[in-house]
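**Student:** Construct all of the structure, not just a fragment, from the sequences and the given hints.
As given, the protein sequences belong to chains A and B, one line each in that order.
Just so we're aligned, residue 445 is where the first sequence starts under our numbering, counting upward by one.
Just so we're aligned, residue 109 is where the second sequence starts under our numbering, counting upward by one.
None of these hints come from the bench; they were simulated from the model.
Ideal Cβ positions, reconstructed from N, Cα and C, are used throughout, including at glycine.
Don't take every hint at face value.
Looking from chain B toward chain A, a few residues come up when the C-beta cut is under 7 Å (computed) [said to hold, decoys possible]:
| hint | residue |
| --- | --- |
| 1 | 146 |
| 2 | 147 |
| 3 | 149 |
| 4 | 151 |
| 5 | 153 |
| 6 | 156 |
| 7 | 163 |
| 8 | 164 |
| 9 | 168 |
| 10 | 215 |
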Amino acid sequence: GQQVMQIPQYQHVQEGEDFTTYCNSSTTLSNIQWYKQRPGGHPVFLIQLVKSGEVKKQKRLTFQFGEAKKNSSLHITATQTTDVGTYFCAGRSNDYKLSFGAGTTVTVRA
Amino acid sequence: ETGVTQSPTHLIKTRGQQVTLRCSSQSGHNTVSWYQQALGQGPQFIFQYYREEENGRGNFPPRFSGLQFPNYSSELNVNALELDDSALYLCASSLGSGANVLTFGAGSRLTVL
Numbered sequence: 445g446q447q448v449m450q451i452p453q454y455q456h457v458q459e460g461e462d463f464t465t466y467c468n469s470s471t472t473l474s475n476i477q478w479y480k481q482r483p484g485g486h487p488v489f490l491i492q493l494v495k496s497g498e499v500k501k502q503k504r505l506t507f508q509f510g511e512a513k514k515n516s517s518l519h520i521t522a523t524q525t526t527d528v529g530t531y532f533c534a535g536r537s538n539d540y541k542l543s544f545g546a547g548t549t550v551t552v553r554a
Numbered sequence: 109e110t111g112v113t114q115s116p117t118h119l120i121k122t123r124g125q126q127v128t129l130r131c132s133s134q135s136g137h138n139t140v141s142w143y144q145q146a147l148g149q150g151p152q153f154i155f156q157y158y159r160e161e162e163n164g165r166g167n168f169p170p171r172f173s174g175l176q177f178p179n180y181s182s183e184l185n186v187n188a189l190e191l192d193d194s195a196l197y198l199c200a201s202s203l204g205s206g207a208n209v210l211t212f213g214a215g216s217r218l219t220v221l
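**Tutor:** And the structure:
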């Protein structure tokens, strides 16, 4: 079945630095979504990418969908303490199921 | 506009017991899906309900069952609880039968002793 993998599992970042988290699928995706889960919270939708090579920005967050629609990345610039949490990608390859990756857990050193 | 609400927030059961978790979908949403999130893992798809029928299921045994009601609220039932069923159970609502953008509830934390 479809598998979605994320790397790295943990990301320790100095406040103000940039970092990137990557998501790879074993199958071609029709779209990919990103969610953020704060410690003790629940996943909250960030963005959806649909088109091959699509790039979307939300303030300091840049999301990209690969040309082959099998991978995606999230790049955060000038990391802040509010960026702490776990970022999940979720890929859709059929009509009803989103497959979530294991997430990248981000901690920030002030 | 109300969000997704789940109950109970926490519960403790023993092996072999049965549990029912409840979810009210966000206003205007007609699809509910359930996910199991073990500690340190991503959410794992259990099943989805659209118009009161199950229209998708993940790799979970039949002792995981559900219902959707005419008002689009939903229940997740788990029979013959096992220790590995300890997890955060997340309900998510969306609009439409496909895996559209999900709005998650705060979850029900189940501990099986």
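**Student:** Confirm or reject each hint.
**Tutor:** Hints, verified against the model:
1. Hint on residue 146(B) is violated. Least Cβ distance to chain A is approximately 10 Å, over the 7 Å limit.
2. Here the hint on residue 147(B) is broken, as its CB sits about 12 Å from the closest CB of chain A, past 7 Å.
3. Interface hint status for residue 149(B): upheld, as the beta-carbon distance to the closest one in chain A is roughly 6 Å, under 7 Å.
4. Using the Cβ-Cβ criterion of 7 Å, the hint placing residue 151(B) at the interface with chain A is satisfied: the shortest such distance is roughly 5 Å.
5. A distance limit of 7 Å between C-beta atoms decides the matter here; for residue 153(B) the minimum to chain A is near 5 Å, and the interface restraint holds.
6. For residue 156(B), the interface hint holds, the least distance from its beta-carbon to any beta-carbon of chain A being 5 Å, beneath 7 Å.
7. Given the 7 Å rule on beta carbons, the hint for residue 163(B) holds: about 6 Å separates it from the nearest Cβ of chain A.
8. Checking residue 164(B) against chain A: minimum C-beta separation of about 3 Å stays under 7 Å; hint holds.
9. Of the supplied interface hints, the one on residue 168(B) is violated, with its beta-carbon coming no nearer than about 12 Å to a beta-carbon of chain A, more than 7 Å.
10. For the restraint placing residue 215(B) at the interface with chain A, the shortest Cβ-Cβ distance is roughly 5 Å, inside the 7 Å limit, so the hint holds.
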